[in-house]
Amino acid sequence: MRLSPDQLIFWQHGFFKLNGTIVFTWGLMIVLAAGSKLITRRLSTDLNRSRWQNLLEIVVTGIEKQIEDVGLKHPEKYIGFLGTLFLFVALAALCTIIPGYEPPTGSLSTTAALALCVFVAVPLFGIEEQGLGGYLASYTKPTFIMLPFNIISELSRTLALAVRLFGNMMSGAMIIAILLTITPFLFPIVMTALGLLTGMVQAYIFSILAAVYIAAATHTRKPKPALAPKT
Amino acid sequence: MDSMTIIAVASIATAGLTTGIGCMCPALGEGRSVATALTALAQQPDASATITRTLFVGLAMIESTAIYCFVVSMILIFANPFWNHVIAGAATVAGK
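Line by line, the protein sequences are chains A and B.
Taking my numbering, I'd label the letters of the first sequence as residues -2 to 228.
Taking my numbering, I'd label the letters of the second sequence as residues 10 to 105.
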């Protein structure tokens, strides 16, 4: 019973292993990068455009609107990072339709790497917005006693991001594998459909949570305006 | 009972108990949150986008505790270090 694509070894030479996680991640990267490059080769701004360009525009404007709804005022600064997170996790979940494919997010290493990216990106965006002193001061809000708790919450929500995505993807694959040994014909198909749904929801949740954390870090506190004297 | 039996029984019983309790309590929490979200939607249909998004984020947070319990159960059944240690010890004893 294979817990994750880590144990599916394609090629091994001494210490270096090409396991399923790496190969499927490379496949997803090639599909995303080459697909986007091909579609955006000839962009048109008039009403006569290819349907692939329409699809990409729907996706990009949808993500932009969601980022703005969360509270980030200039979504173009963050859409590179957040959009890539969403597209990678969503495509990793969608491709389970292809037989022989296992989602690389079903391995704790991939989800830990994505969560570490968020963990590093949040202070970077916060410092870019508020300056180093302002960002570090935000750890001592609302009182100085909250400093250890804020630090612990940073670490624990990163861990929660990784384990949440890993657990959802791994459980989907494992339920399908178990059902294949029990009732091979109808239920695995139903569970694959459910796995698609949870995969898309988890992709959305991952990117929205990353956006919320970035919004919390870049929320500049405006100084209180001086009260105008009553005339 | 020797230690191998104790470890096996404890792992299996705990895995079942963890999954059982870990599925019940988050389900109760999610049910209550969806009920409250439906009430809010009925009172303010204009805010449906915000309410739906907040509902999904909240459901994902509640779901993660269920996922933690599932991961612990899976570890107990499939990647149990105590069981592996005991099995390795029994294999070396049988090999002698």
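By construction, these hints were calculated from the structure, which means they are not laboratory data.
A portion of the hints provided could be inaccurate.
[As the list claims (entries may be wrong)] If you want a taste of the chain B side facing chain A, the calculated C-beta under 7 Å gives, among others:
| id | residue |
| --- | --- |
| 1 | A69 |
| 2 | I71 |
| 3 | F79 |
[As the list claims (entries may be wrong)] Only pairs whose alpha carbons sit at most 25 Å apart, straight line, appear in this in silico SDA-like list of lysine to any residue:
| id | chain 1 | residue 1 | chain 2 | residue 2 |
| --- | --- | --- | --- | --- |
| 4 | A | K62 | B | A88 |
| 5 | A | K70 | B | L64 |
| 6 | A | K62 | B | D55 |
| 7 | A | K138 | A | A212 |
| 8 | A | K138 | A | H216 |
| 9 | A | K70 | B | D55 |
| 10 | A | K62 | B | T61 |
| 11 | A | K74 | B | A58 |
| 12 | A | K138 | B | N93 |
| 13 | A | K62 | B | L50 |
| 14 | A | K70 | B | F65 |
| 15 | A | K74 | A | V117 |
| 16 | A | K62 | A | T81 |
| 17 | A | K74 | B | P90 |
| 18 | A | K70 | B | T59 |
| 19 | A | K70 | B | K105 |
| 20 | A | K74 | A | L113 |
| 21 | A | K74 | B | A88 |
| 22 | A | K74 | B | R62 |
| 23 | A | K34 | A | R(-1) |
| 24 | A | K70 | A | I6 |
| 25 | A | K62 | B | L47 |
| 26 | A | K70 | B | L47 |
| 27 | A | K34 | A | K14 |
| 28 | A | K138 | B | K105 |
| 29 | A | K70 | B | A88 |
| 30 | A | K62 | B | N93 |
| 31 | A | K14 | B | A88 |
| 32 | A | K62 | A | D43 |
| 33 | A | K14 | B | P90 |
| 34 | A | K74 | A | T93 |
| 35 | A | K138 | A | A109 |
| 36 | B | K105 | B | N93 |
| 37 | A | K62 | A | S33 |
| 38 | A | K62 | B | K105 |
| 39 | A | K62 | A | L52 |
| 40 | A | K62 | B | P90 |
From the three backbone atoms N, C-alpha and C, an ideal C-beta is built for every residue, glycine too.
Checked hints:
no., hint, result
1, A69, "holds, 4 Å"
2, I71, "violated, 11 Å"
3, F79, "holds, 6 Å"
4, K62(A) x A88(B), "violated, 43 Å"
5, K70(A) x L64(B), "holds, 22 Å"
6, K62(A) x D55(B), "holds, 17 Å"
7, K138(A) x A212(A), "holds, 16 Å"
8, K138(A) x H216(A), "holds, 12 Å"
9, K70(A) x D55(B), "holds, 22 Å"
10, K62(A) x T61(B), "holds, 15 Å"
11, K74(A) x A58(B), "holds, 23 Å"
12, K138(A) x N93(B), "violated, 47 Å"
13, K62(A) x L50(B), "holds, 21 Å"
14, K70(A) x F65(B), "holds, 22 Å"
15, K74(A) x V117(A), "holds, 16 Å"
16, K62(A) x T81(A), "holds, 15 Å"
17, K74(A) x P90(B), "violated, 45 Å"
18, K70(A) x T59(B), "holds, 17 Å"
19, K70(A) x K105(B), "violated, 70 Å"
20, K74(A) x L113(A), "holds, 20 Å"
21, K74(A) x A88(B), "violated, 42 Å"
22, K74(A) x R62(B), "holds, 22 Å"
23, K34(A) x R(-1)(A), "violated, 35 Å"
24, K70(A) x I6(A), "violated, 45 Å"
25, K62(A) x L47(B), "holds, 24 Å"
26, K70(A) x L47(B), "violated, 29 Å"
27, K34(A) x K14(A), "violated, 30 Å"
28, K138(A) x K105(B), "violated, 64 Å"
29, K70(A) x A88(B), "violated, 46 Å"
30, K62(A) x N93(B), "violated, 50 Å"
31, K14(A) x A88(B), "holds, 21 Å"
32, K62(A) x D43(A), "holds, 22 Å"
33, K14(A) x P90(B), "holds, 24 Å"
34, K74(A) x T93(A), "violated, 31 Å"
35, K138(A) x A109(A), "violated, 28 Å"
36, K105(B) x N93(B), "holds, 19 Å"
37, K62(A) x S33(A), "holds, 20 Å"
38, K62(A) x K105(B), "violated, 68 Å"
39, K62(A) x L52(A), "holds, 16 Å"
40, K62(A) x P90(B), "violated, 47 Å"
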